[in-house]
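Trainee: Chains A and B, in that order, give the protein sequences.
Each residue of the first sequence is one higher than the last, beginning at 1 in UniProt numbering.
Each residue of the second sequence is one higher than the last, beginning at 1 in UniProt numbering.
Hints are computed from structural coordinates only; laboratory data are not their basis.
Mixed in with the good hints there might be a few duds.
For identical chains, the list gives no copy identity; a pair is met inside one copy or between any two copies.
Here are the simulated DSS-like pairs of lysine-lysine, each with C-alpha atoms no more than 25 Å apart in a straight line [said to hold, decoys possible]:
#1 K280 <-> K224
#2 K224 <-> K277
#3 K330 <-> K177
#4 K277 <-> K96
#5 K224 <-> K177
#6 K57 <-> K43
Predicted model only: the values in this text are computed from it and were never measured.
Number of protein chains: 2
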Amino acid sequence: MTDTIRISVDAMGGDKGPRVVFHGASLALTAHPDTRFIFHGRKGDLDPLLEQFPDLKPVSTIRHCDNVIAMDDKPSSALRKGKGNSSMWAALQSVKDGEADVAVSGGNTGALMAMATFCLRPMAGISRPAIAAIWPTLRSNIIVLDVGATVGGDSRQLVDFSILGAALARALFDQQKPTVGLLNVGTEEVKGLESVRDAGRMLADASGAGFVYHGFVEGDDIGKGTVDVVVTEGFAGNIALKTAEGTARQVSTYVSNALRSSLLSRIGALIAGSALKALKQRLDPRTVNGGVFLGLNGVVIKSHGGTDEIGFRSALALAYEMARGRLIEKVAEGMQQFPAPTAPSSPNPVEPEAKPA
Amino acid sequence: MTDTIRISVDAMGGDKGPRVVFHGASLALTAHPDTRFIFHGRKGDLDPLLEQFPDLKPVSTIRHCDNVIAMDDKPSSALRKGKGNSSMWAALQSVKDGEADVAVSGGNTGALMAMATFCLRPMAGISRPAIAAIWPTLRSNIIVLDVGATVGGDSRQLVDFSILGAALARALFDQQKPTVGLLNVGTEEVKGLESVRDAGRMLADASGAGFVYHGFVEGDDIGKGTVDVVVTEGFAGNIALKTAEGTARQVSTYVSNALRSSLLSRIGALIAGSALKALKQRLDPRTVNGGVFLGLNGVVIKSHGGTDEIGFRSALALAYEMARGRLIEKVAEGMQQFPAPTAPSSPNPVEPEAKPA
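Whole structure, please, built from the sequences with the hints as guidance.
Mentor: This is how it looks when you write it as structure tokens:
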């Protein structure tokens with residue numbers, strides 16, 4: 001890593017095109033002037049746009065790519081047609097080649113995971129990559145993984161996810177020994193899926209190696225912030241993430257409707273204005289935008305495809321923090337402290353099963 | 001069924017004892033004066049308490065039982081020691097004997113499911129019972145199942161749950177053809193667990209038989225109310241339910257804190273008072289209290305063990321609606337319209353894996 005943080009950006013990814021990407025990068029640069037950008041995409045589109053962001057221009061490089069992966073391309077066909085010559089692939093290649101510290105794309109999640117796995121390869125000892133979400137809770141932000149890279153997942157994968165999630169917590173939150181909980185349907189030893197119970201035993205034996213194993217947690221422990229890292233397989237994790245998003249939107253709608261329901265409530269809302277504005281910001285899903293791909297030889301952030309410049313700025317800020325926090329080194333340290341009992345490294349690209357957000 | 005609705009109540013179940021049970025029953029009676037109660041429990045405890053509810057006394061019978069199932073009894077030991085002579089068992093036996101239309105208990109979920117399965121037996125053609133939650137959404141209440149009776153669950157079980165959930169929607173919401181969605185990690189055909197994809201194909205073939213199959217839904221579709229019935233296996237279902245509860249509590253806490261954060265926000269909240277009070281009621285988890293056990297030859301409602309009289313009233317109100325809506329008949333109709341391709345009826349008691357709420 002150099003003194004600056006070098007972010008490689010798929011400028012063509014996302015539903016809203018490169019203008020949102022540049023605008024978000026410009027906002028991110030204000031917060032962290034020591035950022036350098038490599039934008040990958042169609043030079044003819046990007047060059048004139050960059051002119052509109054004079055602050056961004058001196059710290060940015062544009063790399064031409066002909067191809068763009070569509071949001072509805074299947075992972076396998078995206079890999080076939082986009083390997084080597086798409087903006088998504090090129091963004092990853094910059095990380096592989098060591099000219100960038102982290103890659104960010106707002107493109108198709110499945111394609112990005114397939115390409116990232118193929119390009120960067122899983123770390124030695126990690127069988128499958130995971131997607132981690134940064135989850136705001138009543139206590140502080142925590143990490144929840146996997147939120148959609150794998151479906152199913154055996155006990156060893158859950159242990160891998162614990163190591164990866166703990167390393168992310170150490171990198172992002174500067175915690176020495178984050179607490180790790182396994183998501184389950186009950187906190188009693190006898191309950192839940194066999195894979196989860198087995199993983200619980202393995203983690204209990206190894207607790208203390210880079211993290212403290214807390215035990216089982218339930219769905220409502222996520223919002224409470226009971227632990228720093230919540231580990232689950234991707235089916236339940238994705239459903240938990242989406243259900244929480246839906247519930248947050250639902251409750252926010254109830255609040256807005258209540259405050260608009262009568263003249264008095266409108267007056268009250270007007271007077272409470274700044275507090276409600278702060279609340280609205282707190283609930284804004286754009287402020288926590290970015291699924292982190294973990295378990296690969298390189299850091300990749302998936303931004304929500306439909307987000308605007310505010311959301312893209314958040315994804316870039318997350319990428320910056322991850323690089324500054326030396327995520328990859330911390331994962332490697334975690335792996336050393338907790339050697340894999342079985343370590344079938346899979347060099348094959350995997351198709352993720354779900355979008356993280 | 002007689003003209004009145006006869007509810008059999010485990011008066012000893014729940015963390016707060018029989019006073020809460022009687023108080024809740026008294027409130028439920030006010031809403032539905034055509035209710036009759038059979039309370040099962042220790043006569044020495046119950047008789048003097050009933051004296052304090054003069055409205056309840058003429059419509060209530062007390063049946064003595066020596067034993068009480070503890071909240072921490074394991075299902076197997078509860079079944080061994082409580083079969084035949086506990087208040088929980090007796091409450092179920094009243095349904096089996098036809099002297100009550102529905103049973104309600106605030107006791108230990110695992111024990112209740114084991115006993116209910118043993119006492120009432122699964123319906124012909126239904127392999128395993130499920131626990132259904134009534135879930136408030138932005139559109140209307142919907143049904144989500146299974147929220148914790150089974151863990152895992154193959155495609156046939158998901159089809160069974162669809163039939164059961166659709167019957168519950170017909171009984172509770174008076175819908176002729178409720179829409180059914182399978183919870184998955186993406187809406188594309190290729191995604192998700194094999195059992196879910198297989199169930200999707202089976203439901204698509206049979207759509208129209210008592211319900212309309214909508215297709216896959218994601219976690220955020222629950223809060224939107226995209227479909228009337230959301231079907232999943234118990235692990236993901238329980239995690240979705242608990243995660244939503246946690247998120248609702250989290251957002252409500254943000255709202256309360258925001259409105260208490262400054263003098264102006266407090267004044268605003270005071271002025272908006274009645275709208276905020278209505279909002280608070282809407283978010284009160286006691287207003288939707290009761291997991292419905294589906295797939296047995298009898299209707300059983302599990303009330304939250306830690307609830308108060310308001311919560312217990314809600315569970316009794318749900319029991320009343322279920323009996324009035326002729327749930328069991330509607331499930332039987334559903335089964336006829338959608339004959340089971342494989343129907344391995346399991347006569348063995350099953351231990352549920354999770355508490356529903």
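Trainee: Confirm or reject each hint.
Mentor: Comparing the hints with the structure gives:
no., hint, in the structure
1, K280 <-> K224, "both (20 Å within a copy, 19 Å between copies)"
2, K224 <-> K277, "both (23 Å within a copy, 24 Å between copies)"
3, K330 <-> K177, "within (12 Å within a copy, 54 Å between copies)"
4, K277 <-> K96, "neither (42 Å within a copy, 56 Å between copies)"
5, K224 <-> K177, "within (19 Å within a copy, 38 Å between copies)"
6, K57 <-> K43, "within (14 Å within a copy, 83 Å between copies)"
When held up to the earlier numbered hints, the structure conflicts with hint 4 and nothing else.
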